[in-house]
Amino acid sequence: MAAYNSQYPYMFLRSGKPRMLGMALGLLLMVPAAVGADWGTPARALAQKIAAVTGPGAVALEVNNRSSLRPAEVEQARGALIAELGTLGVQAVESGQAATVRVTFSENAQSYLWIAQVRQGAGDEKVLMVSVPGAPATGSFGQSSPLSIHRTLLRSQDAPILDATVLPGGNPEHLLVLSADQVTLFSGQGGQWRQEQIFSITHARPWPRDLRGRIVFNREHLFDVYLPGVVCQAVLNSPLSMDCHEADDPWPLGAGSSGVRGFYSPVRNFFTGAVSPGIGKQNTFPPFYSAAGLPRQQYVLWALAAVDGSIHLEDGINDVMPKVPWGSDIAAVKSDCGSGWQILASSRNGGNDSVRAFEIMDREPVAVGTAAEFNGRLTSLWSKDDGSAVAVERNPDTGKYEAYSLAVACHQ
Amino acid sequence: MRPIAWPLLVISSVLALAAAGTAAVRPRYGGTLRIMLRETSVSLDPARLSAVQGARIFPLMFEGLTRFDAHGRLQPELATRWQSDSSNQHWQFWLRPGVKFHDGTPLTAEAASASLRAANPSWRVSADGDSVVIETAAPDVELPAELALPRNGIARHAGNKVVGTGAFAVSDWQPGRSLALTANEDYWGGRPFVDSVVVTLGQNWRQQMVALELGKADVVEVAPEQARRLSSAGRTITESAANELVALVFTREPQSADETRVRQALSAAIDRASIVNVLLQGQGLAADTILPNWMTGYAMLFAEAGQHTGNVDAGPVTGTMTLSYDASDPANQLIAERVALNARDAGISVQTAASAANADARLVRIALASPQPQLALQVVAGATGLAIPQFQGTAPEELYEREKEMLQSGRIFPVAHVPEAAAIAPGVNGWRADLSGGWQLADVWLGSTP
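Same order as they appear, the protein sequences are chains V and G. Mapping the first sequence onto our numbering, position 269 (from 1) lands on 274, and the numbers just tick up by one. Mapping the second sequence onto our numbering, position 273 (from 1) lands on 1604, and the numbers just tick up by one.
The following block holds chain G by itself, in its conformation from the complex:
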């Protein structure tokens, strides 16, 4: 309704500051960008990724047929157009002409089909001239969005190497330790500004921050709860959308009405506002929903319904349960302990344990993977072992109903939505992250600005 385009805004205010500094200076080519990550990938084959993995690194090397832009809109990538039949089971994607893999091999429909078959054994994928035809067993209105996931990046196996078509090519790979990337001179989207990117893997947050302080890294990840302090200390911090879900996930369905009541009472007892404001230092949003409001627009309906605020007639309850958490993130332990404290006030005994295999519930932190809400909901369901919701279309009511069903299953209780944060060294310009947490490093350039 508003034909005025907004000035290109921001995933975070600090990000905008970084961009603003570059306005008067043209980008410079050259240099090596040094990045540190916590993850410890052991494979560079996109087909081996889960739906929630690979958002940071893989899109640099491997491109999908589609992609999401910075505003969360689906855009063409290696496919320039697509269509489905009326059943949404038969899809055809026409490939961008003139694209080459890093080894010089032209991108063909056969190569793209082989790559997608490897990542999705349940799909029937075939080449049809310069197009890829995908047939699914059930209607899949989210297929174009699914193809934007890193796991569906188009890859070609060349000997013992896996090559893609992205802005950067692999020059050295030490599984789980480091990855060196070189600018793809022939990239169809234009050569990146930097000559190379070096990614050091398996570094915890403290190691990363030390490296940044010592000038040994240009970009490091930051724990959300540290973002505000670092920003106050003058660091340039970028923040994604609140695209990670922190939630309690029970390993099985409630076995009785009493168990349901105990779970509801536990959820109602959790002081989400304190968790966000104190433990996460205000970085994030208390969550009543699996999907954040920026993705759906209807989150207030769940808050009004008292999804977790005691609108359920819990009555006095007693119960005992174990809650496990991933100890690699200190915030997880703090949140789990706060949940246990809140639970005790409600008469429920919760024992917390790091990575306990047989716990009743887990405190999980799940990347929402895609700005496309239907797909994001499916990804969460898949990652938590819940039944995967199926969609007939993209009507918001259907999305709302499926999410409501997941919440009413008694298996998942949202706690917060948190952003992903990164600290950037001075001299890194043109930084841009997308809504799903991916980094657009092809636009980054190095050099001080006035």
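Just chain V, same shape as in the assembly:
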């Protein structure tokens, strides 16, 4: 029986199992991991369908994401699915089994769609699906382009946000927000963040105008903070603490783990152009505001947004300067679309900034999706380790600074 008399249910919650990093953080911070996982119900539904086809035993499980789910959410969903399969006697392994299950997290205008393609031996492939009510219906949709940029609000506050990062693997999730004078740690689920701890930033010299900063995940001590002339590190004590000291250590360029670092001027708002260990054999470039690295098979192609407004594409041998209307802020994002990596570039139209995705084809940037429009000015755009990016805008209506996680969803 079908009926309509009120809004359809928007979301559903259930308890779940905390993941390792979340547990470690919970111990460090002495915070109970009380918030449950969101993905249990669809994971159970899909697991039941899969188990009905494969029966108990080991299956090779492959998970792909073509939706706007953030990497951390994909990991949670994957974990929930594996757990549910386990309760049904289906053990997910990497490969080498007769039965293969390829799970794709996709989405349409109405909902997320979880798809399992199950193949047993030489038999026909079975396609199983579960609709998961949720985010896409409240987002932009109807794309006529191969990909779109999806925004998830991470944090809105009065104080300027320099950067924000969601720590990988936590349940509940943990969010770090960098402001001029502090790092704030939040925990939470599904966008509901609860402040857990504040780490003050000490610095002797006044900050330059147009202050910029980065906060990056660190596998050994949780996070690093880079500010003009100042570097901070988390210290794994109980409780967690942070040490800052004056230093001109180079900042990570692109995603934090990309390896290449750039020296940032302690009294200005740009990178000096000196990079370490270099792009190919070259380690000096024009001063630039931002950089984005696109991994290729044999090398990383770097795009630099120079202070003079030009864009440089650098592979260590060639310097190509395409004519593109990019702003000062660019970042790299990973996706399942096109070549697998795109550049997000800011641009300005009147009073509004936007971010658009580009592929680099034959050293020419080509726009590959509709732009994500912001209400006001972008103040920050950084690549993240998990393949996403974080953008900060100042909302002209509220005056607040809003940090968004940007992810790319495929439509083809």
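Quick caveat, the hints were computed from the structure, so don't treat them as lab data. In this text, all values refer to a predicted model and were calculated from it rather than measured experimentally. Ideal Cβ positions, reconstructed from N, Cα and C, are used throughout, including at glycine. Nothing false has been slipped in among the hints.
Pairs of lysine to aspartate or glutamate, EDC-like flavour, derived with a Cα cap of 20 Å: (1) Lys1735(G) / Glu130(V); (2) Lys131(V) / Glu1736(G); (3) Lys131(V) / Glu1732(G); (4) Lys54(V) / Glu1732(G).
If you want the footprint, here are the derived chain G segments under chain V, 3+ residues with CB under 8 Å: (5) 1395-1405; (6) 1412-1418; (7) 1626-1635.
Residues from chain G that keep clear of chain V, each with C-beta distances beyond 12 Å, as calculated: (8) Arg1359; (9) Thr1363; (10) Asp1459; (11) Ala1469; (12) Thr1513; (13) Gly1520; (14) Val1529; (15) Pro1585; (16) Thr1649; (17) Met1652; (18) Leu1665; (19) Arg1675; (20) Ile1679.
With chain V held as given, fit chain G onto it using these hints.
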């Protein structure tokens, strides 16, 4: 899973630009909005529309019991609630109270029932107090979505006129030539901002663009392949979702295994990426599926299966066929000729002809009509003469299976999904289009913004 509502985004980036300019200024009442369209409607009776017609004009005058919002979600319109029995054959819709037709007559269950009976002779429609009861011969889980189609707009015949309950009432009607609409002062949803809308019909794309350039039109349609150029030239272009299907449709089932192989080889030979990137100037998506991915979320399954990319063991083939196209759209001819060129490389001779009645196949461009995928698939099947898929429910697997069956019929070969585009003159504010291509003109207001 995300309780954060996204900022109200967009069917297109340019659309967002148009909306952004209005943020600091309150809307103004008054003025006449001038629109030009290619279509040449000769009737204002919604019941005479096909399932794929009327998305632009009719919802301004005639409202359905339901509607789809800008995100493709089904919402109440003239009905405030509804329910079905367990068989999905017996539906009851309760009407919104206080609604009047443009001639002042109250909307009643009897009037709504009469209107729906006229549009759907196969339904048993009756009034039950303040509700409309619809009984269908077979289970119809898509019925609420069907009621949002323009053809199911509620209309009342008053003498030789047809009146609705929408935001605009007809003030003058020249069949096939022009339509003048006046703001409905008593509209239950709030009077539109503009006083009137004048729609000039039967104008080709070139005529429309000239009118826009000369300041004689405020909104004109734009060929998708022209959208990017016009946008680069500073025009405000709005774009719908990719909600039109370009496809090859064969007029009959393949009569032999050889014929099946030739069709598959033809489909595999079509360079869809070039058609989209070159002929359509990047406006659209190469299509392996009848329904676009934004509607289903599973289109990649067909691409992986090599639906058109030669995963079929076509082997060497030879064949001859004729392909007709609608010559009123220049892009159709270009696409048909490109298909013929690709076919020749595969050893198949394809003769193209404009509007040839006895052609083996047609290049069609079909509006997907509804963001509801099951209904959209049925509409495509109906428009192309394929067997109408029936659904027991809304499970995505069932939708996938029905679409797969249609593709495996050997009758339809998708080529591209393309958006509908429009150019908007400066001073037109609050523009909003829905996923199925309809224009929400009640929210449009005129006046320059800072």
